[in-house]
Amino acid sequence: MQKQSLSGAWELIDSKGTFKVTGHLPGCNFLDMMENKIIKDPFWGQYEKEMLEYVEKDYEYSRSFDLDSGMSANDSIEIVITGLDTLTEILLNGKVLANTDNVHRTYRFSVKGLLQEKDNHIRIRFLSPLPYLEEKNREDNLKIHTGMGIEGISHIRKVQCHFGWDWGPVLPPVGISGSIELQGHVTAGIEQVSIRQEHGQDKVVLHIGTEITSYSNFKVVTQEPAEAVVQVSTEDVVQMPVKAVDKIPRESWGLTLKTSILHPSGRLETVEEKLQETQAMQIIEITGPELWWCNGLGNQPLYQVTVELFDGDRLLDTLTKNIGLRTIELDTGKDSIGNNFRFLVNGVPIFVKGADWIPSDSFITRTSKEDLEFYIAGAKAANMNMLRVWGGGYYESDAFYDLCDRYGILVWQDFCFACLPYPFYNKDFLDNVEMEVRDNVRRIKHHPSLALWCGNNEIELMSMLWRKNTRLKEANNNFFHKILKKWADKEDGNTPYWPGSPSSGIPDGKPNDFDRGDTHLWQVWHGMRPIEYFRKMPSRFCSEFGMESLPSMKAVRFFTDAGEPSIFDPVMMSHQKSKGGNQKMLFYLLAKFKNPVRFQDFIYLSQLVQSETIREATEEWKRNIGRCNGAIYWQYNDCWPVASWAGIDYLKQFKAVIYSSKTFNQPLSASLDLKKDRADIYIVNEYPREEKVKLQCVIEGFDGRIVWQEEKDAALAGVKAFKAWSISLDTVLKGEARTDKVLIIRILKEDKVLFSQNRLLVPDRKAQLQKGRIEKECTREGSKGILTLKADTYARYVYVTIPGTDTPLSDNYFDIRGNAAHTVTFDMPEGISEKELLNKIEVVSLAHVPFKGNKLSDKFLRLAMRLHKDNILAWIMFRFI
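Residue numbers (my numbering): 360 to 1240.
Heads up, a few of these hints could be off.
[Said to hold, decoys possible] Here are the simulated distance ranges between beta carbons:
id, residue 1, residue 2, range
1, Phe1219, Thr1138, 19 to 29 Å
2, Lys693, Asp867, 10 to 20 Å
3, Glu1201, Glu891, 29 to 39 Å
[As the list claims (entries may be wrong)] Derived pair list, reagent style SDA-like, types lysine to any residue, alpha-carbon separation capped at 25 Å:
id, residue 1, residue 2
4, Lys913, Phe927
5, Lys1214, Asp960
6, Lys1053, Asp1072
7, Lys832, Asn500
8, Lys1071, Lys1011
9, Lys1199, Pro1167
10, Lys375, Lys362
11, Lys1011, Ser727
12, Lys1082, Arg1097
13, Lys471, Pro385
14, Lys786, His504
15, Lys399, Lys832
16, Lys1079, Leu1027
17, Lys913, Pro1167
18, Lys375, Lys471
19, Lys416, Leu456
20, Lys849, Gly568
21, Lys379, Leu411
Bear in mind the hints are in silico, worked out from the structure with no lab data behind them.
Where is the CB? At the ideal position from N, CA and C, for every residue including glycine.
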């Protein structure tokens, strides 16, 4: 196959003739208008609100090109476009080539008869989605609106959050988010390769099915397209449409299919086959396989499968896929509670720890592969093992899944439907969606990181509001429980399917059922229940829960230059998309801390509240491993600078929760369930094997004095949790106050500390923390800086800021025990000495935060936040959910 990219500079004009500028595809109108100074940055201040007039316009991208040498000699030439966003008319050399209406499709248009060697001209007219939505709403008003973004967006197969969400702006771009290129073929090409793994004792058999498309002038059998049954194994039968052109007499073929497997060790093995049909099945047995594991349970060896199509000695086409040898299962079998919901990798049950992934930028082509690696590597560092790709965004890029394969991060992949009813009773709409599903399942299915196809986000939950529209409800129910599953199984057949999230897995079942399926639990936050309420929600698997916080000051400075911002000023409120969100943040902050004087401290404290919320919930569910098998919090990342539930803000700054999750997400961990009179210590072993360890508990005063310590041996069964210790606080404290004490919990193996966590014996508001002094020392080892901090009294939630360092520190938001030291490593900024840098490093702890008000004023302020007009209704509603 010969490729010619059409990426690069294009001319961009708007439909009203107000500008003609140089733009770029892949890219979008907003990025090009910003680059050419036509609009201001929509992220700055409140400029987002001024963008509607630009959303209402149509746009046209155009360019000229000559064919690369040899391109015209191909038997077939196609323009192939991915991420074409969204309503377009494509013209090539003055002829209308196609009209498109689905950003999630891979479009292929035959253009050989339209091309010339020189001076080809292509124009892509992008239509505003707003008139389209208005027309569709007139034709078929679905009458269901979530209150987020623009009404009727489920009529259009465009990224749904482009129209606004409760964390994202209303900035629907047009352009190309994927790629655009010419593809030329001679004789035949590879249409797709499917790989099924059969795991046995110390071996894996690969069934590699390849489909070939003919492009040459072979004499063909003229007959109508038919349905062919292709036997790919003794177990799986795949139905696929066959084009008449593919019916090529066997005597006309001179094609060879060569398939190679490159092992992680570097060993190469190859099989060849003379083709007799347009489909081929090759079987390769791998002995002594190196299995792929998710993060925390093993390594991620990848095998490279390369399929080459030859006509004699001439290479016609090649396709390469990296695979991991592993099995993935979703166990939803009946148990003593109801139905299980747990993932098994290579037969080993896992406790899922992760977060929900949203589009990484409102203008997605700004996200580089390096950016994606930062995020995926960050998930691994936080001891996560899964990201859920949320259904209101994109099917992610190939680079995203490749990185998840490398780092061992499983992917829960929602199909791109979220929160709204969709007109699946409309045949044109349904046919369009079927092609979308086919394109993306074929593209993604081989990745070892792919753990689940999930029908949608929250449609089953929202459908409880559609009771009067039985047609709509029945169409959506039938689609997600039957039609979509059939399509996914047809194209994949190996990856588990789940109808929606949350779901009990039963049509018309209870979507947030504690006895089966997965749950989205928003009683904490939207329902304004206390953080501890998670203990009353024994989910089988929680795929959404969360707590908002403010982003870093660096991210705040990306949209405001106010000297001392207020969380309620107009700019800050425009960067809060959840109704009553800033009021809720203050409500929860005052439950744990006092009211801070400074804005920067509100950022700091809000992130601590978020971190403690995620820790509290995750530890509770891990203590019940087996009943509960997963904790995925909302959300991992941001698409713009905003107050949100994200663990990493838009400027790629780790919030406190990412640092703390490195500890509470460890596969071998301990947690404290603090009661009124005792401290119950639990140990959780996520490994499949038994672990023999030593549990050590120490109570220290804030001055570093040891009040009590003890240790005991523990044998931990695989994938189990148990209560290892119940410590009577009155007995061990012997009358001493709890307000200046800390419990240190450690797990040791062969005298090596595998886990360590500090927990106060009273809430932070009641702790008698002293300001104290924190000494700093900075040294360098190569490109790494080493910061050592020593505290003369217990320092709570120490937050370090190092100017000139954008990358995460090795640790942050940590505690330093009294008269003890803590070391942090970081990427050393260039052009500055350790001594100069030391004077610029800022260190803050909880005791250094100035507060205002008193206990009574904080209480009344919390009440006012709860009774706010945007919160009172949800607070009441969640009393009945």
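Do the hints match the structure? See the list:
1. At about 49 Å, the CB distance of Phe1219 to Thr1138 disagrees with the hint of 19 to 29 Å.
2. A beta carbon spacing of about 19 Å between Lys693 and Asp867 agrees with the range 10 to 20 Å that was offered as a hint.
3. Remark: the range hint 29 to 39 Å for Glu1201 to Glu891 is upheld by a beta-carbon distance near 33 Å.
4. Annotation: proposed proximity of Lys913 to Phe927 holds, straight-line Cα distance about 19 Å (limit 25 Å).
5. For the given pair, Lys1214 sits about 18 Å from Asp960 by alpha-carbon distance, which is consistent with the 25 Å threshold.
6. Our distance criterion of 25 Å between C-alpha atoms is met by Lys1053 and Asp1072, whose separation comes to about 4 Å.
7. For a cut-off of 25 Å, the pair hint linking Lys832 to Asn500 stands: about 14 Å separates their Cα positions.
8. Only pairs whose Cα atoms come within 25 Å are accepted, and Lys1071 paired with Lys1011 is rejected, the gap being roughly 42 Å.
9. The hinted pair formed by Lys1199 and Pro1167 meets the criterion: a straight-line CA distance of about 17 Å does not exceed 25 Å.
10. About 35 Å separates the Cα atoms of Lys375 and Lys362, which puts this hinted pair outside 25 Å; it is violated.
11. Under the criterion of a C-alpha separation no larger than 25 Å, the hint pairing Lys1011 with Ser727 is consistent with the structure, at around 13 Å.
12. This hinted pair checks out: Lys1082 and Arg1097 have alpha carbons roughly 22 Å apart, not beyond 25 Å.
13. Distance restraint check for Lys471 and Pro385: the Cα-Cα separation of roughly 23 Å lies within the 25 Å cut-off, and the hinted pair is therefore satisfied.
14. Among the hinted pairs, Lys786 with His504 is consistent with the structure: their alpha-carbon atoms are about 23 Å apart, no more than 25 Å.
15. For the suggested pair Lys399 and Lys832, the alpha carbons sit about 42 Å apart, so the restraint of at most 25 Å is broken.
16. For the suggested pair Lys1079 and Leu1027, the alpha carbons sit about 10 Å apart, so the restraint of at most 25 Å is met.
17. Only pairs whose Cα atoms come within 25 Å are accepted, and Lys913 paired with Pro1167 is accepted, the gap being roughly 13 Å.
18. With a CA separation close to 33 Å, the supplied pair Lys375 and Lys471 exceeds the 25 Å bound.
19. Only pairs whose Cα atoms come within 25 Å are accepted, and Lys416 paired with Leu456 is accepted, the gap being roughly 22 Å.
20. Between Lys849 and Gly568 the alpha-carbon distance is near 14 Å, which keeps this suggested pair within the 25 Å criterion.
21. About 20 Å separates the Cα atoms of Lys379 and Leu411, which keeps this hinted pair within 25 Å; it holds.
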